[in-house]
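For the protein sequence lines, the chains are A and B, in the order given.
For the first sequence, numbering that gives the first Met the number 0 assigns the number 0 to the initial residue and increments by one for each residue that follows.
For the second sequence, numbering that gives the first Met the number 0 assigns the number 0 to the initial residue and increments by one for each residue that follows.
To be clear, the hints were calculated from the coordinates, so they are not data collected in a lab.
Incorrect hints may appear among the rest.
Stated by the list, open to error - Cross-link-like lysine-lysine pairs, in silico, DSS-like; alpha carbons within 30 Å at most:
hint	chain 1	residue 1	chain 2	residue 2
1	A	LYS226	B	LYS52
2	A	LYS219	B	LYS123
3	B	LYS99	A	LYS196
4	A	LYS236	A	LYS219
5	B	LYS143	A	LYS103
6	B	LYS123	B	LYS97
7	B	LYS132	B	LYS52
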Amino acid sequence: MRKRLLIPIAVSTIVVGALVAAAALTAPTVTARSATVEGRAVGQVLMGDTAVLELFTPAGRSTPYQRAQAVADRLRTAMKKPLRAEDFALSATGAGESIHTRGKLLVSVSPAEAAAHHATAFSLARTWRDQILQALSAKGTATEPVATKSAADATGKPAAASSAAPEPAPVESKPASDPVTGGATRTAVDWTANAQKWVPIFSLETGGAYIGAAQIAGPKAQVEKVKGVAELRLDFKGFARIYAYVPVSTISLTKLDRVQGVSVWATGDLQLVGF
Amino acid sequence: MRRRGNRIATVLLVVLLCASVAATAAWGLDLGSILKVGGIGLMVSQFGGQIDKFITSALGEREAAVVGATKVVPILSLGQGGYVGAAQVVGNPDSVRKVKAVFQLEGSIGSFRPRILIPTYVDKAQGTPERAKGVGVSAVVEFKI
């Protein structure tokens with residue numbers, strides 16, 4: 000009887016252990032560390048190996064490192080439930096900006112903090128939020144600090160060289176990379192400025208190939224990159240239709256180089272070839 | 000005076016009735032169609048997040064998805080028969096969050112096929128539907144009504 004019970008207990012323990020291990024592996028660990036940037040002691044918040052935000056200025060009696068520890072604590076608490084993009088909110092607080100997760104304060108961006116990053120409070124808050132979301136999406140894959148670089152990108156000035164390490168010994172940092180593009184140089188996209196334009200569209204369908212023009216919309220910086228739109232359309236005997244628009248930055252038949260964040264408003268096309 | 004008012008009301012009612020019958024006949028709407036539109040709309044609202052993740056992974060909209068620039072909403076297409084389904088909208092994150100539905104108007108002039116996609120939100124202050132600027136459509140799955 001006891002032996003019979005032992006087997007399900009052992010199996011349950013293994014399953015629970017595996018689930019806990021899987022959860023630990025998929026969620027990036029949030030830590031804080033001190034670092035030295037341009038001879039200044041700063042506090043960094045890391046998700047996995049990625050520094051998602053960097054604090055230059057003290058607040059009240061808290062040093063930048065202590066502030067980073069407080070932010071890391073808040074982020075860990077918020078991550079007890081899965082975080083999505085809509086859980087983050089930016090709000091103006093006096094002359095500064097703050098990031099909230101599900102209505103609770105995560106971090107404040109003072110005008111002094113923004114000035115230290117050569118950015119506005121709003122652009123710095125947005126950069127930090129985006130980097131946290133990217134780290135959450137990348138699930139702790141190894142990437143390097145991007146906070147200073149992104150903030151500098153917003154003003155067009157070069158990023159400051161930084162050195163960082165767990166408290167207390169500092170070490171040299173590696174070049175910045177983008178977790179989304181898999182190591183390519185990160186470019187700060189202004190996702191708020193809207194733009195639209197007309198580009199050629201090439202459509203491949205069950206009935207043939209079509210060519211025409213499409214009006215695209217999206218963030219200005221992204222819209223400028225688009226050279227055309229590829230459309231794939233499947234029609235299931237008039238019962239259902241599936242179609243997708245892929246705005247591309249190069250006109251090529253072999254490679255679809257998708258431009259992120261851009262979509263289609265209107266199209267007009269003519270049949271080129273019938274199948 | 001009162002008789003004249005009654006006559007106008009009667010004429011208006013008849014016109015409305017004729018229009019609704021004509022619309023029903025033209026689009027072939029019946030109880031089944033209405034249930035289909037409502038059911039698909041409800042399913043898309045309920046499982047929009049999961050559909051969005053699927054389309055994002057299939058089409059590689061990863062960066063946009065990360066910054067909250069994608070969302071799945073119900074779509075209603077008119078012009079080449081009626082269709083209802085799910086559409087992934089993409090664009091400015093602040094505008095994307097507001098979008099509630101997409102309306103598509105399709106036409107055919109000879110072999111030329113024009114299509115207009117209208118991502119729509121409701122202006123809370125005025126209570127009127129408005130076109131969401133900086134937002135368009137990335138992918139659509141829809142079924143004939």
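Status of each hint after checking the structure:
Note on A:LYS226 and B:LYS52: the hinted pairing holds, with a Cα-Cα distance of about 26 Å set against a maximum of 30 Å. Distance restraint check for A:LYS219 and B:LYS123: the Cα-Cα separation of roughly 27 Å lies within the 30 Å cut-off, and the hinted pair is therefore satisfied. Only pairs whose Cα atoms come within 30 Å are accepted, and B:LYS99 paired with A:LYS196 is accepted, the gap being roughly 24 Å. For the suggested pair A:LYS236 and A:LYS219, the alpha carbons sit about 38 Å apart, so the restraint of at most 30 Å is broken.
Restraint check: the Cα-Cα separation between B:LYS143 and A:LYS103 comes to about 44 Å, which exceeds 30 Å; the hinted pair is violated. A distance of roughly 10 Å separates the Cα atoms of B:LYS123 and B:LYS97; the hinted pair therefore holds under the 30 Å criterion. Using a Cα cut-off of 30 Å, the hinted pair B:LYS132 and B:LYS52 holds, with the two alpha carbons roughly 23 Å apart.
Checked against the numbered hints above, the structure breaks hints 4 and 5 and satisfies the rest.
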